[in-house]
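Student: In the order they appear, the protein sequences are chains A and B. Counting from 53, one number per residue, gives the positions in the first sequence under our numbering. Counting from 435, one number per residue, gives the positions in the second sequence under our numbering.
Hints may contain errors.
To be verified - Computed list of lysine to any residue pairs in SDA-like fashion (alpha-carbon distance at most 25 Å, straight line):
(1) A:LYS101 to B:ARG510
(2) A:LYS238 to A:LYS101
(3) A:LYS101 to B:PRO667
Stated by the list, open to error - Rough simulated footprint, nothing fancy, chain A against chain B, three-plus residues with beta-carbon under 8 Å:
(4) 442 to 448
(5) 464 to 470
(6) 545 to 559
(7) 589 to 596
Everything labelled a hint here was simulated from the structure, so no lab data went into it. As the structure is a computational prediction, the values presented were derived from the model and not from experiment. All C-beta atoms, glycine included, are put in the ideal place defined by N, C-alpha and C.
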Amino acid sequence: MVSPLTPVLTKRWTEPRSWTIETYERTDGYTALRKALTAHPDQLIQQCKDSGLRGRGGAGFPTGMKWGFIPQGDGKPHYLVINADEGEPGTCKDIPLMMADPHSLIEGVIITSYAIRANFAAIYVRGEVLHCIRRLNAAVKEAYAKGYLGKDILGSGFDLDVVIHAGAGAYICGEETALLDSLEGKRGQPRLKPPFPATAGLYAAPTVVNNVETIASVPFIVNGGADWFREMGRERSPGPKIFSLSGHVTNPGQYEAPMGTTLRELLDMAGGMKDGIPIKFWTPGGSSTPLFTAEHLDVPLDFEGCAEAGSMLGTTALQIFNETVSVPWAVMKWTEFYKHESCGKCTPCREGTYWLVQILQRMVRGEGTAGDIDTLLDVCDNILGRSFCALGDGAVSPITSGIKYFKDEFLALCDQNSKALAGASA
Amino acid sequence: MTQTFDQTFDKDIAEKAQAIIARYPQSRSALLPMLHLVQSVQGYVSQDGIRFCAAQLDLSEAEVSAVATFYTMYKRRPCGEHLVSVCTNTLCAALGGDAIYATLKDHLKVGHEETAGEPGEPGSITLEHAECLAACDLGPVLQVNYEFYDNQTPEKALELVKALQEGEKPAPTRGAPLTDFKQAELQLAGFFEGRDADLDGPSAAEETLRGATIAAERGWTAPSTPDNAEFPPLPEKK
Chain A
53 MVSPLTPVLT KRWTEPRSWT IETYERTDGY TALRKALTAH PDQLIQQCKD SGLRGRGGAG
113 FPTGMKWGFI PQGDGKPHYL VINADEGEPG TCKDIPLMMA DPHSLIEGVI ITSYAIRANF
173 AAIYVRGEVL HCIRRLNAAV KEAYAKGYLG KDILGSGFDL DVVIHAGAGA YICGEETALL
233 DSLEGKRGQP RLKPPFPATA GLYAAPTVVN NVETIASVPF IVNGGADWFR EMGRERSPGP
293 KIFSLSGHVT NPGQYEAPMG TTLRELLDMA GGMKDGIPIK FWTPGGSSTP LFTAEHLDVP
353 LDFEGCAEAG SMLGTTALQI FNETVSVPWA VMKWTEFYKH ESCGKCTPCR EGTYWLVQIL
413 QRMVRGEGTA GDIDTLLDVC DNILGRSFCA LGDGAVSPIT SGIKYFKDEF LALCDQNSKA
473 LAGASA
Chain B
435 MTQTFDQTFD KDIAEKAQAI IARYPQSRSA LLPMLHLVQS VQGYVSQDGI RFCAAQLDLS
495 EAEVSAVATF YTMYKRRPCG EHLVSVCTNT LCAALGGDAI YATLKDHLKV GHEETAGEPG
555 EPGSITLEHA ECLAACDLGP VLQVNYEFYD NQTPEKALEL VKALQEGEKP APTRGAPLTD
615 FKQAELQLAG FFEGRDADLD GPSAAEETLR GATIAAERGW TAPSTPDNAE FPPLPEKK
């Protein structure tokens, strides 16, 4: 029987001066790297496939398979790029990980680069998290000084350079191809796929782009093995996962539990709803994942469980709202966010989010009309699946799910207006 | 190209720009950090700053401008000594972020990306509302020069901003001792020399550690790892 909480990635965080290489090495740090360098790179890729590790950045793509897509013996340089541009509303797991335990990410980067035969890796961190960037830079410096980075790492003949790259405030750069353009010094706008980064990524060379939590898991898999990793979680979504509880809960924070844990179980550990006010709606994995309600407390929070219940696991960013919060207001705020962050490349997303905001703001002001709900859904229908990247798809999630579960609240806003209009004409 | 651009961007800054270029396989990747470097000099990205980057990277001014105007963190007007960013995304807003922003707006008598006081002068403050800052378990949050001030209220935020205006530098909840916007931008460009002590401070906020702490208290652990987990056999080439 696996414990309700399974600290793996979060275990070291409670150590004093957890971010230093002294603490890291004292707590088994860099033992996985030594072990990995004794293996053939293809064995590491196979082990990652066997573990069933799936990407922790939201999409859940099998990590080992992604590594396996990199063509070998192609004579081109290969690159590893870490997506540390954490910005999906509600998501707050990677920043604390890098702040408390930057070396676990760096060790994962070295092992992964060795596996995919990359000699240059970049960690693209959003710019607004200066302290995190400081600690990552210091950790890289420490790793070079100890011979874990640079030329001929630990006498293996393997070379790797790592650069910490600070972004400049653009949510869209969390999309992997926009991130690559941004890392190339351009506007962060998504590319049309295919070609996928595995064949034409950074500088048009084969590139793996992985999330922070994904890569920080790699040293543990190397040391513990694929079977150990699979002891946690569920068959198709194995492993531990950092669940980020925020909002109207008694004890918000980071809870690392097996995949498939439910919000009811997590809320119980987090001391329940704040002040006992009942839950109204929540996001399973950030604002781009369709809303859940009190009816979904027992949905297993893994990739399959969330999909079967009509949403997505996303980044396991559990934003929890109680009965005091208006759904149309929350949806309007999120839509303002998507409108601001739409990069402008694709018309449906750029224009659609602009009009969605206008309509929602009008409704929240109490000036909605009976046709507004239909218009909203119609605009959403014209955005979903019609742009290069998933930003537009994410933008419609709160609206369509909000209307699906709380249509009465939207109707009430129109109703108020029609009553006022009736009063005015009388 | 290592020429000194002009008086504003002296030899030291040009050398730093070249050091940024040296980090990357291809020079243009240096543009984002270089724009942070430009802001560390002037407190914003001026037309001169754009020319400087263009010259360093052998790009056209239009190419650099296109990038500088795309990203929120590059400011087109001079910033105050401090940049105060209040998260007003949905979750922080519901917890009080909107009220915090309204309070600061009233107090400073400025709007989004406007500066109270003479930009660059001591006590001057640029205010902005920010999108999700990835600290939702600590919300509502605000940042000063990208350092976190967690679990804010309108009262606490107002007190903080008044202290900043009077030249004080209240310590962030997580992060290094507060400096100013320009020095923060220098670090974002990747220059940390002589600032080793900045690394100190808590490993993490209490909230960050909640799960790990509860697990330790209750004796909950991940399954124990085998002593010597073996690698799978080398896959056969197809």
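Student: Can you confirm whether chain A covers the stretch 442 to 448 of chain B, using C-beta to C-beta distances below 8 Å and requiring at least three such residues?
Tutor: violated (count 0)
Student: If you draw a straight line from the CA of A:LYS101 to the CA of B:ARG510, is it 25 Å or shorter?
Tutor: 47 Å, violated
Student: Would you check chain A against the stretch 464 to 470 of chain B, counting CB to CB pairs closer than 8 Å, and say if three or more residues qualify?
Tutor: With 6 residues close enough to chain A, the hint holds.
Student: Has the given pair, A:LYS238 with A:LYS101, been kept, meaning a C-alpha gap of at most 25 Å?
Tutor: Outside the cut-off at roughly 34 Å; violated.
Student: Test coverage of the stretch 545 to 559 of chain B by chain A using CB-CB distances below 8 Å; three residues minimum.
Tutor: violated (count 0)
Student: Is the straight-line distance between the alpha-carbon of A:LYS101 and that of B:PRO667 25 Å or less?
Tutor: Between A:LYS101 and B:PRO667 the Cα gap is close to 13 Å, so the pair holds against 25 Å.
Student: Check, residue by residue, whether the stretch 589 to 596 of chain B contains three or more positions whose beta-carbon lies closer than 8 Å to a beta-carbon of chain A, and give the verdict.
Tutor: violated (count 0)
Violated hints, in rising order: 1, 2, 4, 6, 7; the structure is consistent with all others.
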